[in-house]
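For chain A, the structure is supplied; the task is to place chains B, C and D on it using the hints.
Number of protein chains: 4
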Amino acid sequence: MNIEKNQIAQHNDTLLGKHQKQLSHLKNEWESVDIEKVIQKLVDFQIAIPSWALGTGGTRFGRFAINGGEPRNIEEKIEDVGLLHALNASSGAISLHIPWDIPQNPEQIKSLAASYGLKFDAVNSNTFQDQPGQALSYKFGSLQHVDKAVRKLAIEHNVEVIKQGIALGSESLTVWLADGSCFPGQLNFRKAFENTLNSLQEIYAALPANWKMFVEYKAYEPNFYSTTVGDWGQSLLYANKLGEQAYTLVDLGHHLPNANIEQIVALLLMEGKLGGFHFNDSKYGDDDLTTGSIKPYQLFLIFNELVEGMDARGMDHATSLGWMIDASHNVKDPLEDLLQSIEAIMIAYAQALLVDRKALTEAQQNNDVVACQEILQHTFRSDLRSIVAEARLRAGAALSPLNLYRNLGCRKSLIGERGQNTVATGL
Amino acid sequence: MNIEKNQIAQHNDTLLGKHQKQLSHLKNEWESVDIEKVIQKLVDFQIAIPSWALGTGGTRFGRFAINGGEPRNIEEKIEDVGLLHALNASSGAISLHIPWDIPQNPEQIKSLAASYGLKFDAVNSNTFQDQPGQALSYKFGSLQHVDKAVRKLAIEHNVEVIKQGIALGSESLTVWLADGSCFPGQLNFRKAFENTLNSLQEIYAALPANWKMFVEYKAYEPNFYSTTVGDWGQSLLYANKLGEQAYTLVDLGHHLPNANIEQIVALLLMEGKLGGFHFNDSKYGDDDLTTGSIKPYQLFLIFNELVEGMDARGMDHATSLGWMIDASHNVKDPLEDLLQSIEAIMIAYAQALLVDRKALTEAQQNNDVVACQEILQHTFRSDLRSIVAEARLRAGAALSPLNLYRNLGCRKSLIGERGQNTVATGL
Amino acid sequence: MNIEKNQIAQHNDTLLGKHQKQLSHLKNEWESVDIEKVIQKLVDFQIAIPSWALGTGGTRFGRFAINGGEPRNIEEKIEDVGLLHALNASSGAISLHIPWDIPQNPEQIKSLAASYGLKFDAVNSNTFQDQPGQALSYKFGSLQHVDKAVRKLAIEHNVEVIKQGIALGSESLTVWLADGSCFPGQLNFRKAFENTLNSLQEIYAALPANWKMFVEYKAYEPNFYSTTVGDWGQSLLYANKLGEQAYTLVDLGHHLPNANIEQIVALLLMEGKLGGFHFNDSKYGDDDLTTGSIKPYQLFLIFNELVEGMDARGMDHATSLGWMIDASHNVKDPLEDLLQSIEAIMIAYAQALLVDRKALTEAQQNNDVVACQEILQHTFRSDLRSIVAEARLRAGAALSPLNLYRNLGCRKSLIGERGQNTVATGL
Amino acid sequence: MNIEKNQIAQHNDTLLGKHQKQLSHLKNEWESVDIEKVIQKLVDFQIAIPSWALGTGGTRFGRFAINGGEPRNIEEKIEDVGLLHALNASSGAISLHIPWDIPQNPEQIKSLAASYGLKFDAVNSNTFQDQPGQALSYKFGSLQHVDKAVRKLAIEHNVEVIKQGIALGSESLTVWLADGSCFPGQLNFRKAFENTLNSLQEIYAALPANWKMFVEYKAYEPNFYSTTVGDWGQSLLYANKLGEQAYTLVDLGHHLPNANIEQIVALLLMEGKLGGFHFNDSKYGDDDLTTGSIKPYQLFLIFNELVEGMDARGMDHATSLGWMIDASHNVKDPLEDLLQSIEAIMIAYAQALLVDRKALTEAQQNNDVVACQEILQHTFRSDLRSIVAEARLRAGAALSPLNLYRNLGCRKSLIGERGQNTVATGL
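Residue numbers (the numbering used here), protein chains in the order written: chain A, 378 to 804; chain B, 378 to 804; chain C, 378 to 804; chain D, 378 to 804.
Calculated from the structure, these hints are not laboratory results.
Everything numeric in this text was worked out from a predicted model, so none of it was measured.
Among the clues, some could well be false.
Identical copies carry no separate label here, and so any pair may be met within one copy or between two of them.
Stated by the list, open to error - Restricting the straight-line Cα-Cα distance to at most 25 Å, the calculated cross-link-like pairs of lysine to aspartate or glutamate (DMTMM-like) are:
| no. | residue 1 | residue 2 |
| --- | --- | --- |
| 1 | Lys589 | Glu751 |
| 2 | Lys568 | Glu685 |
| 3 | Lys789 | Glu537 |
| 4 | Lys789 | Glu685 |
| 5 | Lys496 | Glu621 |
| 6 | Lys496 | Asp733 |
| 7 | Lys540 | Glu406 |
| 8 | Lys650 | Glu571 |
| 9 | Lys395 | Glu408 |
| 10 | Lys735 | Asp524 |
| 11 | Lys516 | Asp710 |
| 12 | Lys589 | Glu794 |
| 13 | Lys529 | Glu621 |
| 14 | Lys529 | Asp390 |
| 15 | Lys568 | Asp745 |
| 16 | Lys568 | Asp693 |
| 17 | Lys618 | Glu571 |
| 18 | Lys398 | Glu648 |
| 19 | Lys568 | Glu751 |
| 20 | Lys404 | Asp524 |
The following block holds chain A by itself, in its conformation from the complex:
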């Protein structure tokens, strides 16, 4: 299903009056700020959609499908992301997962994506599952495995994923490893680290010069005693040992309880080793809930560090880091879920852009903790939705993407086209 320009225009027309009143109020409130510049940054900011988030997720206790219309193949996944991008003009990239999304004809897929204005973001390898007919099993790890033959299999898979990515125009590889152990004694931690490092080095050697490798970390799950890339400190060790093209990737849900993620982000930026981001939200563990649905203030604080840290290094916000959603759930229409996540991300980014940095620096310099808090809370408590909407409007998208999605009956159309019993590949 495609959304026509005139459908968007019609939708925007009905909301324009209210929107302009809100925007004009906001501009008045922030008259000392160059709002146009902020809007342009919002226009430029694009968040990649992972192919696996387009279908219903599940838990080990089962999976409840939505009413249908899930994308059945890579083409339909691209179509779904195209739909999102048409609605919000902020989802201009897709992140594929190999082997769930192996393109048969990369050129054709590339031009299909281009027709929706989409690029290919990081490609993701998968060594946390065995594929049918796989010669050796990843049951006891992949890059960490005690058996060299298993490591070799996993290395080759990653090299293959890079090749797939090259064909599509991707420029980064995300390596998330489930490697670890479930019971004390199962692993020699040091040897597991060394095996993993050696394996990563072989994959790294296959990277094109313009590529980045993202080493993702995760505290636990699916292994429940140790993880071989378990926290940012371990990921940074690998990245430093690998070389300049290797970076740490932060997924919001991959931390121990109460971790200060914004500080981790700031330090990784300081070290020049923050590579990218997986957005989602959680209350207990890697719950993969809609971004901003549980701890929106934390999301803002993270963006606050991102903006400050990238500006301090002269990094372009839109292009110097990999931005991606990694959420996937059961009880919502996946496309609506993604629209909500992106809205939350854009609002948090807008809030961070509007923080009065000069005043904040001065308050920090004076240890005026009360003022520091006031400055952050002031932008967070402000209603910035109208500049996010304005950015969409200028980019040709919808003032209210979710409403338009619903009003146009998108899910119903997708069901009509694809049927009711579709299941997207992925989690």
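Showing chains B, C and D alone in chain A's frame:
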């Protein structure tokens, strides 16, 4: 130090233009809602200030004093709360802690408080510290103690606290117990529970008919293995066994990591056993940070349950529960800290009042999870500060309490009056 | 595959010399204790095996099968438990899960079980998954559901499960609900509670007079914002409202981080509402690891409360509570996993039986915390494996069940009988 | 108070028969192991006692003194450690805290310590409290402070501590910083890191060539939003940037919930950057409970990594790392507390020494997870207390230190010598 009416008026005059523009925009945005009713509820809502939050807090690693002017006695504590109440018209009560605040002349104290428009909220007993010259020690607990004589001492102290409260016009007793154990085996849990229950029953018997007893729970600290009123389930057990005048008191910082506090609140209201609230915020444990400084969305979600639950039982928001701040810290001027906490509470309450309950109920009924989230996020993302300010304006207080406090040099005045090396009693 | 008596005898013969030396040393060390009585209690103590633990478990990221031989049907599951029971004489019951284990011919199944010396423990209902062809979905809950028709379906399923249980000689129903919500606002907590309570009441009404209903609680997963039976306090509320036949069931993995489970156990026993236990171990969440593999001291402390609390109420250890394992994992042979879990449970139980209660009570009475700790650590640090082994020996089982299982090549035999690509129903 | 050789001899005589029986049983059980070698390692292993653990600790809620006899000065603290060392021959070092323990006459103090067989372990600086008359305050941090003058003060203090240490024969400095922030926005994380690094570099420059600097990390407390050396990853960053003499120090209580500390230990050893250890135990946070009182299996797993990792690098167990207790509590006699901690440490060390490494490596190599667990549990479940006692016996100390301490009425003697109202400096 007193703030004069004309100082407030002058302050408000300079901000009025901007305020009215914001308020009028807000009213436009919420034209379908009876904003006047909401403002009245905000005017009526009062949060008690605990006497111990007026001085600098500390940790076991030490205490860093502010520059001075801490209240040296109960009169000056009342003066401080009077100052807050003059500024925000939302702090119309004080909660005393015995023996830190024993009034020598209750009638005089009462009329002093009345002169500031203040009431006496819950009185708090203290059996977590030994007082100089105390015959027996609370080292191994108080109401739980294996030695009946220690229990008797603690019971008598609580009865004495009730008497003090009666003299001042309080109508509730908050019992927070540090009782518990630090090491496995130290306590027989069952006997500790039974001793505590028996002790509470004796205290309960001393309650006037119009009084409530609040049984506060806490997961840990200062005992680090078990706490004898450790969670809401235990508190509810005690409250149910005690009788109709006994209730559970929820302190936001007293939970295990990741607890869903808003659900606890909803269930206690359902059971008719929610008695009151201690507001603060935290990232790790009972950090006692400024309310709303870490998890403002959680604060809103809690108020969302409070409003829904109180309305369902026809309870008056302002009077049917005990509302109190229980925070205390080191790196802020305590009065500024309290002004920030109250602002955060009032905003969260305003957000909860504006939730479109009819739409929410309908969305819940349809399992439209996306819509449920949109409804809550809509009010949370709205900027409601102007109706909170309007409520203050109508009640004769300042549009911007913190700014006025700073502009008037209140801390400097207090230092001038009281000196630099004052130390308030308390934590 | 069956283990013959003479295979066990032969195995025991080779180990007997060493065993008797160890046992005799132990008896010397504990000469003041009636070791015979302890051994008899160990002989009597039986732990039920859940049918779903006999196959390989998995996570949402996938499932790695063992090399084969998983039971393909209820008969083979019974056979597996029979094998365990032959090896350790402590696994004399099986707990079925409906609809994974619907017996076509209950009488035949009963006599099959009897031939292995097995009873049928609690039957488990399943409303956390939709079954193929199910008319209505449990996607948004079952007993809590806003739609009465869904609740009815779930109620009827539970009533059906009771019927199945009656036919087999079970005497209890375990209700574990995944009901809850993933996002703030999704549920009205109070109504969800009330719906759940009403549904449970209808199920309760179908209980035979000699049956118990176990209301299991869980903090989170598969719902990641709230759970409608979320903690022991909520479970106890339901159990109290339901009546005398309703009890709380404690699963070790279903708590928030750092929870003091042993205290919960003590209080539930005090209230006469502890119904049963699901054993497993975990580091992060409901990891379902082998019992005793992560926190063996906690397991001992729990048994310490169980023994103390049951003795205080004159409850028979073996029969007054439901004892069951609920673990299931990926990286071990399930039968070996279960043998390790049961060994850990028996050791913890033995440790608890040997605690010097008189000395402990006296130390507690004197607040001699150091002595309390010494007393508990003394039994925990003692090597009690030989009395656990002696209990097995007397009951006709193997001195070293795991070694015998391996030496006899049990898995290999099972693969030979059942094939390599078997998959047991369950998680 | 001094313990005489003959008092120890007399005590040992009464216990010798039983001890020898236990030891001989143990030797039989472990006949394939060179037990003599293990005993010698136990004899060599010494754990430093921190001077602040000799008095009663407290919490922010207060402090309950013991009955008296706390050491009033550095001489009495040394006397206390001497007492412990006489009892267990495993406490042959003391770790001082400046300015709590400034020696007036270092030579005299040194020879006093030598008379008890004690060395001076790491010296500890204190920039988490202001000292009376201090020119500038550490309220907003020390080495991280925005004001260069405060940083200078803190640097100079550390340099002074090094000087004190040199005079006493210490060879390491432990830097634990409370530096961090309590509220979002308070700090610029990057600048705080850079300031801290610069400050540490100046201190590092003052280190003698044979000294080590230990950079301790802590997740939170007394700062409750961020800590500037917050986790092992941050500590390692500092240590690597500082140079070869800088190391990470691990305190067991300084982690987020559920952290896998043993893996951190293994990786730091791998990197050659593990410097030392602070032993204690905890259930919730930095509870500073007696080592081994809550999670003894975790303690064993940590020692298991230590032994494996040190052996892999050819490091001497006793001398290549700094071993220290850092616990301090309220409800026990501090000396008894320390005796219990050391016993737990020695047992865990003995367990780790007895792990069958060859079998473990082989099982790991085969991914035989069940066997890996069996191997670890076998040593953990064995009763190794008699070889720990034997090591004491050979070193001239008591078979049962705690019993001898009690039987000799040590606390009573100390009260007699020092009085009842003594308060040791420290937490």
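Results of checking the hints against the structure:
{"no.": "1", "hint": "Lys589 <-> Glu751", "result": "neither (38 Å within a copy, 37 Å between copies)"}
{"no.": "2", "hint": "Lys568 <-> Glu685", "result": "between (38 Å within a copy, 12 Å between copies)"}
{"no.": "3", "hint": "Lys789 <-> Glu537", "result": "neither (37 Å within a copy, 37 Å between copies)"}
{"no.": "4", "hint": "Lys789 <-> Glu685", "result": "neither (43 Å within a copy, 34 Å between copies)"}
{"no.": "5", "hint": "Lys496 <-> Glu621", "result": "within (24 Å within a copy, 46 Å between copies)"}
{"no.": "6", "hint": "Lys496 <-> Asp733", "result": "neither (33 Å within a copy, 40 Å between copies)"}
{"no.": "7", "hint": "Lys540 <-> Glu406", "result": "neither (50 Å within a copy, 53 Å between copies)"}
{"no.": "8", "hint": "Lys650 <-> Glu571", "result": "both (20 Å within a copy, 16 Å between copies)"}
{"no.": "9", "hint": "Lys395 <-> Glu408", "result": "both (20 Å within a copy, 13 Å between copies)"}
{"no.": "10", "hint": "Lys735 <-> Asp524", "result": "between (55 Å within a copy, 18 Å between copies)"}
{"no.": "11", "hint": "Lys516 <-> Asp710", "result": "between (32 Å within a copy, 13 Å between copies)"}
{"no.": "12", "hint": "Lys589 <-> Glu794", "result": "neither (38 Å within a copy, 51 Å between copies)"}
{"no.": "13", "hint": "Lys529 <-> Glu621", "result": "within (23 Å within a copy, 35 Å between copies)"}
{"no.": "14", "hint": "Lys529 <-> Asp390", "result": "neither (58 Å within a copy, 47 Å between copies)"}
{"no.": "15", "hint": "Lys568 <-> Asp745", "result": "between (48 Å within a copy, 16 Å between copies)"}
{"no.": "16", "hint": "Lys568 <-> Asp693", "result": "between (39 Å within a copy, 21 Å between copies)"}
{"no.": "17", "hint": "Lys618 <-> Glu571", "result": "both (11 Å within a copy, 22 Å between copies)"}
{"no.": "18", "hint": "Lys398 <-> Glu648", "result": "neither (44 Å within a copy, 46 Å between copies)"}
{"no.": "19", "hint": "Lys568 <-> Glu751", "result": "between (49 Å within a copy, 21 Å between copies)"}
{"no.": "20", "hint": "Lys404 <-> Asp524", "result": "neither (62 Å within a copy, 37 Å between copies)"}
The earlier numbered hints that this structure contradicts are 1, 3, 4, 6, 7, 12, 14, 18, 20.
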